[in-house]
Amino acid sequence: MLASALALSTFAIAQAEPNPERQQELRQLLLHDCGSCHGLTLKGGLGPPLLPTTLHDKPAEYLAATIRYGRPGTPMPPWGPFVSDAEAMWLAKLLKEGVQ
Amino acid sequence: MTRIRPILTALLLGLTAVGHAETRATGDLGLVIERADGGLKMIETSGNTVLSSIEGLGDLSHASAVFSRDERFAYIFGRDGGLTKVDMLQGKIAKRIVQSGNSIGGAISQDGRLVAVSNYEPGGVRIFDADTLESVADLPADYGDGKLSKVVGLVDAPGNRFVYSLWDAGEIRIADMSDLANPKVRKFENIGKQPYDALITPDGRYYIAGLFGEDGLALLDLWQPDQGVRRILPDYGRNDEKMPVYKMPHLEGWAMAGDRAFVPAVGRNQVLIVNSNDWSEAGRLEVSGQPVFVMARPDGRQVWINFAFPNNDRIEVFDTLTLERITTLHPGKGVLHMEFEPRGEEVWVSVRDDDQLQIYDTATLKQVKTMPARKPSGIFLTHRAHKIGL
Numbered sequence: 001m002l003a004s005a006l007a008l009s010t011f012a013i014a015q016a017e018p019n020p021e022r023q024q025e026l027r028q029l030l031l032h033d034c035g036s037c038h039g040l041t042l043k044g045g046l047g048p049p050l051l052p053t054t055l056h057d058k059p060a061e062y063l064a065a066t067i068r069y070g071r072p073g074t075p076m077p078p079w080g081p082f083v084s085d086a087e088a089m090w091l092a093k094l095l096k097e098g099v100q
Numbered sequence: 101m102t103r104i105r106p107i108l109t110a111l112l113l114g115l116t117a118v119g120h121a122e123t124r125a126t127g128d129l130g131l132v133i134e135r136a137d138g139g140l141k142m143i144e145t146s147g148n149t150v151l152s153s154i155e156g157l158g159d160l161s162h163a164s165a166v167f168s169r170d171e172r173f174a175y176i177f178g179r180d181g182g183l184t185k186v187d188m189l190q191g192k193i194a195k196r197i198v199q200s201g202n203s204i205g206g207a208i209s210q211d212g213r214l215v216a217v218s219n220y221e222p223g224g225v226r227i228f229d230a231d232t233l234e235s236v237a238d239l240p241a242d243y244g245d246g247k248l249s250k251v252v253g254l255v256d257a258p259g260n261r262f263v264y265s266l267w268d269a270g271e272i273r274i275a276d277m278s279d280l281a282n283p284k285v286r287k288f289e290n291i292g293k294q295p296y297d298a299l300i301t302p303d304g305r306y307y308i309a310g311l312f313g314e315d316g317l318a319l320l321d322l323w324q325p326d327q328g329v330r331r332i333l334p335d336y337g338r339n340d341e342k343m344p345v346y347k348m349p350h351l352e353g354w355a356m357a358g359d360r361a362f363v364p365a366v367g368r369n370q371v372l373i374v375n376s377n378d379w380s381e382a383g384r385l386e387v388s389g390q391p392v393f394v395m396a397r398p399d400g401r402q403v404w405i406n407f408a409f410p411n412n413d414r415i416e417v418f419d420t421l422t423l424e425r426i427t428t429l430h431p432g433k434g435v436l437h438m439e440f441e442p443r444g445e446e447v448w449v450s451v452r453d454d455d456q457l458q459i460y461d462t463a464t465l466k467q468v469k470t471m472p473a474r475k476p477s478g479i480f481l482t483h484r485a486h487k488i489g490l
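Just so you know, the protein sequences line up as chains Y and W, in that order.
Taking this note's numbering, the leading residue of the first sequence gets 1, the next gets one more, and so forth.
Taking this note's numbering, the leading residue of the second sequence gets 101, the next gets one more, and so forth.
By construction, these hints were calculated from the structure, which means they are not laboratory data.
Quantities reported herein were computed from a predicted structural model and do not represent experimental measurements.
Backbone N, C-alpha and C define an ideal beta-carbon position, used for all residues, glycine too.
A portion of the hints provided could be inaccurate.
Okay, derived cross-link-like pairs now, SDA-like style, lysine to any residue, Cα gap no bigger than 25 Å in a straight line [to be verified]:
id: 1; chain 1: W; residue 1: K433; chain 2: Y; residue 2: C37
id: 2; chain 1: Y; residue 1: K96; chain 2: Y; residue 2: V83
id: 3; chain 1: W; residue 1: K347; chain 2: Y; residue 2: A86
id: 4; chain 1: Y; residue 1: K93; chain 2: W; residue 2: A136
id: 5; chain 1: W; residue 1: K293; chain 2: W; residue 2: N369
id: 6; chain 1: Y; residue 1: K43; chain 2: W; residue 2: D453
id: 7; chain 1: W; residue 1: K342; chain 2: Y; residue 2: T66
id: 8; chain 1: W; residue 1: K192; chain 2: W; residue 2: A485
id: 9; chain 1: W; residue 1: K195; chain 2: W; residue 2: R172
id: 10; chain 1: Y; residue 1: K43; chain 2: W; residue 2: G158
id: 11; chain 1: Y; residue 1: K96; chain 2: W; residue 2: A485
id: 12; chain 1: Y; residue 1: K58; chain 2: W; residue 2: G201
id: 13; chain 1: W; residue 1: K433; chain 2: Y; residue 2: E25
id: 14; chain 1: Y; residue 1: K43; chain 2: W; residue 2: P240
Just a sample of chain W residues kept apart from chain Y, beta carbon distances all over 10 Å, derived [stated by the list, open to error]:
id: 15; residue: S235
id: 16; residue: L280
id: 17; residue: N290
id: 18; residue: L319
id: 19; residue: R401
id: 20; residue: A485
With these hints in hand, go ahead and build the complete structure from the sequences.
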């Protein structure tokens, strides 16, 4: 399951970045909806912090797969119905670079 | 005279802040959290207006408020561990400390002298003097081999006690603060997996924690704590496949109508109805999303329900007598919170993505006013000052 998720995400890298309007929507989603568990500043809450310092050793593909498929056994839900592979990859890179 | 002068000055400042030409009282005031800007809007419910803005409260991405018994001061609990005391008459920050790295909520004691904060990092409860915000007690949520648990569902209870739940440890604890020099903490272990929030009934008798990691709720009778914690609605979701949860529900207050109480189901498009005589399930409301807040109008005749992403654009209103849906409102994207005016004729609604506060008449179910606010979330009116658990 994870392997196929990774493969899908890797494939997604080749896809185009979301357009500027969609990027704005994704930022909003990240700060306000992801932020309801991870904190608006992404310093963590019920969910772990999502800061460049805490994510540096996690590949973007791994983060994108977590976004798309969730983390079974934890409260992290799958966002796949709302976020495409390419968009999850864009979010993952944004998290690794730092949102602010 | 020296005593009177500061009070007069404060009143005068208060008058300036609220723009009234006469002495101001605080009973119709409230605060709205502006989560993205670390600010507050001061509101009043007699004329339904925004009075002022207050800035500089840090990260308010998950913030809540309690009020002093004289309704003069609010205590705001911010996500970044900030504890801010706001003067409701002067419309400004009276005192502010950062007491932890990451916090989730707080409570004020029965006698009004203590403010408690529940923390994620470091996991535990810290207690402060309500007047000075000086530290009074530190109660780490230690469990297992010296680990610290995130703390949720902190409420005040009669007897100058605080009750709270440990997310990681699956515990409920009672901190008895009646002797300040010697706080006594009683632990109830194995109450269920991942308590995510809790409430106390308005009479201060029952503490009920919702469970995320398994079905049901954990109930503690504070009149008879020796009976321990028992599970209620143990199998409301048995054999169902749980849906992913995009926002944790909240258990704030106790949506109660007669002997029926209404609580959000976790991971289901349902509201659970509980018979409060024997805590058995008394039915369910089928709703169009995963409920976040289930709030009863103060007279108990209606419940208002908002929802998690992606259905956070609506409110459903149910009649508690017939259990029928009266209406579905569509205030806009990101409906985060609802606060009834003290006697329930109107309700304030925060609509995050549209940067709006909206007021509805609860009899006609029509919107009566809209006001701008920056990414509003929690709405807190001062009458909470006199309610156990709020």
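Please work out if K342/W and T66/Y have their alpha carbons no farther apart than 25 Å.
Holds. K342/W to T66/Y sits at ~19 Å (cutoff 25 Å).
CA of K58/Y to CA of G201/W, is that 25 Å or under?
Satisfied, since the Cα-Cα distance of roughly 24 Å is no more than 25 Å.
If you draw a straight line from the CA of K192/W to the CA of A485/W, is it 25 Å or shorter?
Cα-Cα ~19 Å, so holds.
Pair hint K96/Y and V83/Y, alpha-carbon separation not exceeding 25 Å:
holds (18 Å)
If you draw a straight line from the CA of K347/W to the CA of A86/Y, is it 25 Å or shorter?
holds (24 Å)
For the pair we were handed, K43/Y and G158/W, check the Cα-Cα distance against 25 Å.
holds (13 Å)
Please verify that the nearest CB of chain Y lies beyond 10 Å from N290/W's CB.
Consistent with the label, N290/W stays out of reach of chain Y, its closest Cβ about 19 Å off (over 10 Å).
Assertion that S235/W lies farther than 10 Å from chain Y (Cβ)
The claim holds: S235/W sits with its nearest Cβ about 23 Å from chain Y, beyond 10 Å.
Since A485/W was said not to touch the interface, does its Cβ keep a gap of more than 10 Å from each Cβ of chain Y?
The claim holds: A485/W sits with its nearest Cβ about 27 Å from chain Y, beyond 10 Å.
Given the hint that K195/W pairs with R172/W, does the C-alpha gap stay at or below 25 Å?
Between K195/W and R172/W the Cα gap is close to 13 Å, so the pair holds against 25 Å.
Going straight from one Cα to the other, do K93/Y and A136/W come out at no more than 25 Å?
holds (23 Å)
Restraint status (C-alpha distance of K43/Y to D453/W at most 25 Å)
holds (22 Å)
In this structure, the one hint that does not hold is number 11.
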